[in-house]
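Colleague: What follows is the residue order along each chain.
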Amino acid sequence: MKQLPFLIMLAALLVAPFVVYPLFLANALCLALFACAFNLLAGYSGLLSFGHSAFLGTAGYITAYTTKSWGYPPELAILLGVAASSLLGALFGFLAIRRQGLYFAMVTLALAQMVYFVCLQAPFTGGENGIQPVPRGHLFGVIDLSPNMTMYYFALGIFLIGYGIIYRTIHSPYGRVLKAISENEPRAVSLGYRVDQYKLLAFVLSAGLSGLAGSTKVLVYQLGSLADVSFGTSGEVLLMVLIGGLGTVMGPVIGAFIVATMVNYLAQYGSWVTVIQGVIFVVCVLIFRRGVAGEAMALARRWRLRAGAVAKP
Amino acid sequence: MVTLTELILETFGLTKAFLGFTAVKDVNLQVRRGAIHALIGPNGAGKTTVFNLLTKFLPPSAGRIQFNGRDITRVKPADVARLGMVRSFQISAVFPHMSVRDNVRVALQRPLGTSFHFWRPAASLDALNPRAEELVEAVGLGAFIETPAVELAYGRKRALEIATTLALDPEMLLLDEPMAGLGQEDIGRISTLIRKAAESRTVLMVEHNLSVVADLSHTITVLTRGQILAQGSYAEVSANPEVREAYMGTGHA
Ligand SMILES: Nc1ncnc2c1ncn2[C@@H]1O[C@H](COP(=O)(O)OP(=O)(O)OP(=O)(O)O)[C@@H](O)[C@H]1O
Ligand SMILES: [Mg+2]
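Chains as they are written, first to last, in our numbering: chain A, -16 to 296; chain B, 19 to 271.
For the record, the hints were derived by calculation from the structure and aren't laboratory data. Keep in mind that the hints are not guaranteed to be accurate.
Derived list of chain A stretches under chain B, where covered just means 3 residues or more per stretch with a C-beta under 8 Å from a C-beta of chain B [said to hold, decoys possible]: (1) 150 to 156; (2) 160 to 167; (3) 172 to 183.
Pairwise CB distance ranges (calculated) [what the hints assert, rightly or not]: (4) Ile163/B <-> Asp127/A: 53 to 61 Å; (5) Phe123/A <-> Ser142/B: 32 to 40 Å; (6) Gly261/A <-> Pro114/B: 26 to 34 Å; (7) Val268/A <-> Thr40/B: 56 to 64 Å.
Straight-line distance between alpha carbons at most 20 Å, and here's what the computed EDC-like set of lysine to aspartate or glutamate pairs gives [claimed, not checked]: (8) Lys214/B <-> Glu189/B; (9) Lys94/B <-> Glu168/A; (10) Lys162/A <-> Asp179/A; (11) Lys214/B <-> Asp204/B; (12) Lys94/B <-> Asp127/A; (13) Lys214/B <-> Asp187/B; (14) Lys43/B <-> Glu28/B; (15) Lys94/B <-> Glu189/B; (16) Lys214/B <-> Glu164/B; (17) Lys162/A <-> Asp204/B; (18) Lys(-15)/A <-> Glu164/B; (19) Lys162/A <-> Asp144/B; (20) Lys51/A <-> Asp127/A; (21) Lys94/B <-> Glu28/B; (22) Lys214/B <-> Glu195/B; (23) Lys214/B <-> Glu155/B; (24) Lys162/A <-> Glu164/B.
On a predicted model such as this, the values are computed, not experimentally measured, just so you know. Where a beta carbon is used, it is the ideal one built from N, C-alpha and C, also for glycine.
Generate coordinates for the entire structure from the input sequences, incorporating the hints supplied.
Modeller: Structure, rendered in structure tokens:
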């Protein structure tokens, strides 16, 4: 019963590419994983990062470069991307974690801007043009990823692995401590938890999983681009998580699909996309605070309360 | 006559200045092992700041702190807790969106050594349930074990805090105004809990309710404007004319 929403999502994702363009869906899945990774930090650890594009983009560039220039197979190229973004996450985390609240966010933003600048200037990223076309290659030397359908199911597999890791993390002994820290940090300290170490691990996990999303994303549209490391991407992932529901397991997935669809359909209006996103952002923050998943859960709870007489403490 | 080995906590010239304003000044506090020791004083006297200094939530501007014969002046706050001195907060500190059981389990799980294991199911913590339930029962919250802490009445939140603190089985408890905001009935209950906890521990407690202080504590330290004004038993302290004046001045009877 508790797994029902997940099973519905899984079923929908399995049949979706027969109805909708598979590459659009595969890209949305990468964004969904990115949003889930961001949510692990923002929703479950209470750390707001404004620099997550750095992890998505860096991993993407590494994967794009190693497949295109060195002919690495996709699995190795993705692994390298994840390793690079995890390392970068450890560095960001180390520098930012001692700061609180807005200062934390500002440090991550500043570091991400530095990464953006490096990517803009470094010769191997291709500057404004990016790296393209990125070859998808053969998975484990056997499965050809060039057909779009195959690529979609590969992206789905990656998404499910990442989603599983996040789900497990949230529901682990470590996840309990993270929740305690996000709910009342001084109390967690007074119980003997060295909270900085827990936050750092959360940051590295989140960065690594963002990298997993970024590396896979590059294979989908066969393009490693500056857009992925830009500030706009860091803002967009925040929007996805807020729309879907901060601190809910599935909310970010819903949010990512909503934003991806929006961007797709609104593309014809050019720069108006940004304005419309901004309006939605404000509406979410002001009225729709719990996001789609959060509001749905609250509704279900109210329903259950009305249905059965529940003892009041 | 107090010999040194009897002291569990001692401070030497403990001082804290905030931007030129000295909130705690040259405090030499001595807490005997096994005692219930009250720290009292008017609002803004610096009591909470002393707690923050003792538990290293704030770094002292000057002075030393010795706990169990060990200098802890430079120890990190989480490590102070590991050494056996655990504090509560002036405003109730629970994990609001966790159940009563889970609140207590957060304290119990650290010694398992799996608190960084993000790959392990949380069900592995179920082994802690019997102990958690025992602690929750002991503070009279047995009926609320599944209730999210945020839904508890204020007095029950304070009881939960005590259960969570006791889950660590600390040698020394620092309680910052455990009775603040409680009704008469709750005060009686929490008093009993504190006395019971103190059977095998040392308690240092900030409290404004003087009847509670008189009833519970062996030793009292009076703090005014960051400095120790008087120290001794309730009878001694309450007979001190300076103490009477300090309290009359701020309206505390
Ligand atoms: N972080 C801080 N920065 C600046 N001043 C502070 C800080 N913390 C406390 N103070 C000041 O230090 C003084 C002592 O405060 P403290 O909270 O220790 O008093 P208290 O004795 O606990 O009072 P109460 O009975 O109201 O809880 C107050 O004047 C307070 O304004
Ligand atoms: Mg105080």
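Colleague: Each hint should be assessed against the structure and marked as holding or not.
Modeller: Quick rundown of the hints versus the structure:
no. : hint                              : verdict
1   : 150 to 156                        : holds (count 5)
2   : 160 to 167                        : holds (count 5)
3   : 172 to 183                        : holds (count 9)
4   : Ile163/B <-> Asp127/A: 53 to 61 Å : holds, 56 Å
5   : Phe123/A <-> Ser142/B: 32 to 40 Å : holds, 33 Å
6   : Gly261/A <-> Pro114/B: 26 to 34 Å : holds, 32 Å
7   : Val268/A <-> Thr40/B: 56 to 64 Å  : violated, 42 Å
8   : Lys214/B <-> Glu189/B             : holds, 14 Å
9   : Lys94/B <-> Glu168/A              : holds, 14 Å
10  : Lys162/A <-> Asp179/A             : holds, 14 Å
11  : Lys214/B <-> Asp204/B             : holds, 15 Å
12  : Lys94/B <-> Asp127/A              : violated, 54 Å
13  : Lys214/B <-> Asp187/B             : holds, 13 Å
14  : Lys43/B <-> Glu28/B               : holds, 15 Å
15  : Lys94/B <-> Glu189/B              : holds, 18 Å
16  : Lys214/B <-> Glu164/B             : violated, 25 Å
17  : Lys162/A <-> Asp204/B             : violated, 29 Å
18  : Lys(-15)/A <-> Glu164/B           : holds, 18 Å
19  : Lys162/A <-> Asp144/B             : holds, 17 Å
20  : Lys51/A <-> Asp127/A              : holds, 16 Å
21  : Lys94/B <-> Glu28/B               : holds, 18 Å
22  : Lys214/B <-> Glu195/B             : holds, 17 Å
23  : Lys214/B <-> Glu155/B             : holds, 14 Å
24  : Lys162/A <-> Glu164/B             : holds, 17 Å
Consistency note: the structure conflicts with the earlier hints numbered 7, 12, 16, 17.
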